[in-house]
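Starting from the known structure of chain A, fit chain B onto it as the hints suggest.
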Amino acid sequence: MTDTLVIIGFGMVGHRLVEAVRAGDRPGRWRIVVLGEEPHPAYDRTALSAYLLGRSGSELSLVSDALWHDPLVQLRPGTSAVTVDRVRRVVVTGDGAEIGYDALVLATGARPFVPLVPGHDRPGCLVYRTIEDMDALRAEARSGHPAVVVGGGLLGLEAAGALRELGLRPHVVEAAPQLMPAQLDPGGARVLARRVTASGLRLHCGTGLHTVNEGVRGRVGGVTLAGGARLPAGIVVFAAGVRPRDDLAAGAELPVAPRGGFLVDARCRTRDPRIWAVGDCAAVEGRCYGLVNPGYRMADVVADQLLGAGRRTFTGTDMSTKLKLAGVEVASFGDAHAVTAGSYEFVQADPAAGTYAKLVLSGEGRVLLGGVLAGDTSGYATLRALIGRPLPALPEALLGRRPGLNHAR
Amino acid sequence: MRGAGRPVPAGRCAVNPAGEIVVVGAGPAGHRLVERLHRHGYPGPMRLLGAELEPPYNRMLLPSVLERSLPAPALALPPLPRSVPVRWGSRVTRIDRPARVVYTSDGRAYPYHRLVLATGARPRIPRIPGLRDAGGRLAAGVRTVRTLASCRELPIGPVTVLGAGILGVEVALALRRRGREVTVVHRHPYPMERHLDAAAGELLLGHLRERGVSVRLSQRATGYGAGQLLLDGGTSVAAGTLLLCTGVRPDVALARAAGLAVGRGVVVDDRLRTSDPRIHAVGDCAQSGASVPTAGAAWEQADTLAELLCGGDARYRSPRPVVRLKDPELSAACLGGGPAVRAPAAGIEQVRLTDPARGRHAALSLRDGRITGAVLYGLPHAIAAATELYDRDLPLPTDRLAFLLGIPPGTDPVELPEDAVVCVCNTVTKGEIVQAWHRGCRDMAGLAAATRAGTGCGNCVSEVRRIWRTLSDRAPARSGAEAP
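Chains A and B, in that order, are what the protein sequence lines are.
For the first sequence, numbering that gives the first Met the number 0 gives the first residue as 0, with consecutive numbering after it.
For the second sequence, numbering that gives the first Met the number 0 gives the first residue as 0, with consecutive numbering after it.
None of these hints come from the bench; they were simulated from the model.
This structure is a prediction, so every number in the text was calculated from the model and none was measured.
For each residue, glycine too, the CB sits at the ideal point set by N, CA and C.
Accuracy of the hints is not assured; some may be wrong.
What the hints assert, rightly or not - Incomplete in silico selection of chain A near chain B, CB under 8 Å:
| no. | residue |
| --- | --- |
| 1 | Ala46 |
| 2 | Gly341 |
| 3 | Val346 |
| 4 | Gln347 |
| 5 | Ala351 |
| 6 | Thr381 |
| 7 | Leu385 |
Only chain A is shown next, with the shape it has when bound in the complex (with noise of 0.2 Å):
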């Protein structure tokens, strides 16, 4: 007998989860049901970067054609979920079609958070989440012309990237003292400020966006910022930050985490045995996460509990991350802001060729509890492997120095 699993949401940890079912149910038990709001199947969202200068949405795609044919699978990109009905185990799409379904997955996402400031929606002011995000940016981008990114986290500052190849001149404006405030020390953000300051982006950190202002026909002018200096910009990009769409647990009446987000446990289970929910929309715990690979390790723990196991737990709070933003390497992993008792720090950086390398190591002796490197990341996947265990020798190699050139004169 055959039982249906419905998962509103296909973006990049709901595809995940469709392969990972689909992977491990040799004997068929599930027929899957894919709603996804967007029109285009799952695609990889870290690259709009390159789709927006130039790289095909088909590239993008996540989904094989094994997929599209698989007789136990009905994607339906374009399809929205409007309500859930836990009684009568339904969810009704926007189409007003009912899908019944066993076991139901939330994979809904996040949206852009944009600040209520004055202006904040007038032509414009954009967003940096879907491919539709970066028509409207193609669209709207004048080569030359100033433009101003709010937010200098990793989206933020890979935007303003995509917009300085674009031939804009974007401005970064960012409420922290430093950028990258949850991966980055002060001491890797500085190096990253240096080098991408550099790169022609111009940075005012440790202040507010205060309001856009008018320009011509209504169209945004430029903003002001908190502290009162005003930047001229044909556009606003909002890339500080998402929040969970968690709008269906109201209708469902399922909890959410204070701050938002489908609340589950460390299974990733709403209080409905039937429902789970997994990616940026889930609070595990209480806690969101907002990024791609805790959202992965959900996917997976779910996978698990409907493949049968379901002893695993999400236990992801590993956030170590390797990018590279507007040309310059950056990546920060395990305990990289060391708040784990007892930890120091080790570094080693050579700020004028623009290079940072941080260890955190714990107690006696040196065992590896996380780090951040910027500049020169080569070291990044060793060191990650490393971590929980006492460093046989300096990685010298690892931390971005290279001692010939050093010693060449």
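Frame of chain A, contents of chain B only:
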């Protein structure tokens, strides 16, 4: 022309061709010079004139006398050879350079062939109303910590130390060990700001407070009277005893009056000559290069000058500036004159260790692997080793973390253990990647099919390739060994 007809009551004319050397100041530098001259067998007469009444002693140990961990006599320097005439309590008041004679406060005159100024430094007395009495002497209850006399037993009651430089910190900790109630007043936001960076300063502050020293920071003293030190902001601290630890000034009065070139100290060249080639200067009063030397430098200078005066061809090289806090429980050092610069500069590498939980901190600036400046706190091994390398301008060892921690350096190349997770997205261990390689997976597509490694974020690809490289480097060696 010598003596120019003046009476020379006690002085002797130089009869020996080597001539008489008169050393002014019987502090450690003057003492050392005379002792060295004697040892090198200086053939002529020499004479030491000391302004203090006691024989010379090791000034660096004065805090230990305050603490009473050392009795005053223990500071005495080894006695000088009996053949060297020494006059205590004899202050030189004037140098007659054309006549080559010095005059003393007890009415004597001493001709010289060579004159050596070793007048040392005097405590800097801040201009605070009430610190001095009508006669210009320090008011009752106010002392400096510069002479043995000033370190006699302190009256009962709380002690206030003005200035948290290196001496103020040493003195405050020494007095606490004796159970005295101590308050330190400091103008700057953390102690020893001339030598430590903020992070080390915070650790030192924590240590002082933990030891029971009351520390008042960012406070200026505005007046003293009735056993109270008044602070800006309107507060005051009980200071029945007030110890001034507000720095020292080279004592250049004599040299200046004699028309010698004077900067911050008496200016000397690399032969320790002043602007008058017959007059030398050593120790705290001398300025060699840009800076007035501290402590250890005085001994070096005395040694060099002794060699020169005995006909040798030595040159004095200003040592690289090293300042170390002397305290039995605490190690702190500053190499290179001040907190390591933080502004990025081409070719300057920065190395930092931050360990507030264990009270350890290091911040080093390196050029070509050699220290140009460093602040070290709570790292006794690293302080000793770094000072040595810095002084000799040698590069740091490669394993800098081990160097700072004072542990043996690691020598193994970095090799991941078998159970280390390489592909984080799919939880694939190094062991699985190695097994797959032995089964023939030699490219990413093959590996992905076998293990899913590399199919997530892709960040592990470089590490996978590194593992493969190691495996293929080893494989031919092994088969080669098995071949015959």
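So, going through the hints one by one against the coordinates:
Checking Ala46/A against chain B: minimum C-beta separation of about 11 Å lies over 8 Å; hint violated. Because the beta carbon of Gly341/A sits about 5 Å from the nearest beta carbon in chain B, less than 8 Å, this interface hint is met. Evaluation of the Val346/A hint against chain B yields a held restraint, the C-beta minimum of about 4 Å falling below 8 Å. Satisfaction of the interface hint for Gln347/A is found here, the shortest Cβ-Cβ separation to chain B being roughly 5 Å, below the 8 Å cut-off.
Satisfaction of the interface hint for Ala351/A is found here, the shortest Cβ-Cβ separation to chain B being roughly 4 Å, below the 8 Å cut-off. Of the supplied interface hints, the one on Thr381/A holds, with its beta-carbon coming within about 5 Å of a beta-carbon of chain B, less than 8 Å. Hint status for Leu385/A: holds, given a least beta-carbon distance of 7 Å to chain B, under 8 Å.
Checked against the numbered hints given earlier, this structure breaks only hint 1.
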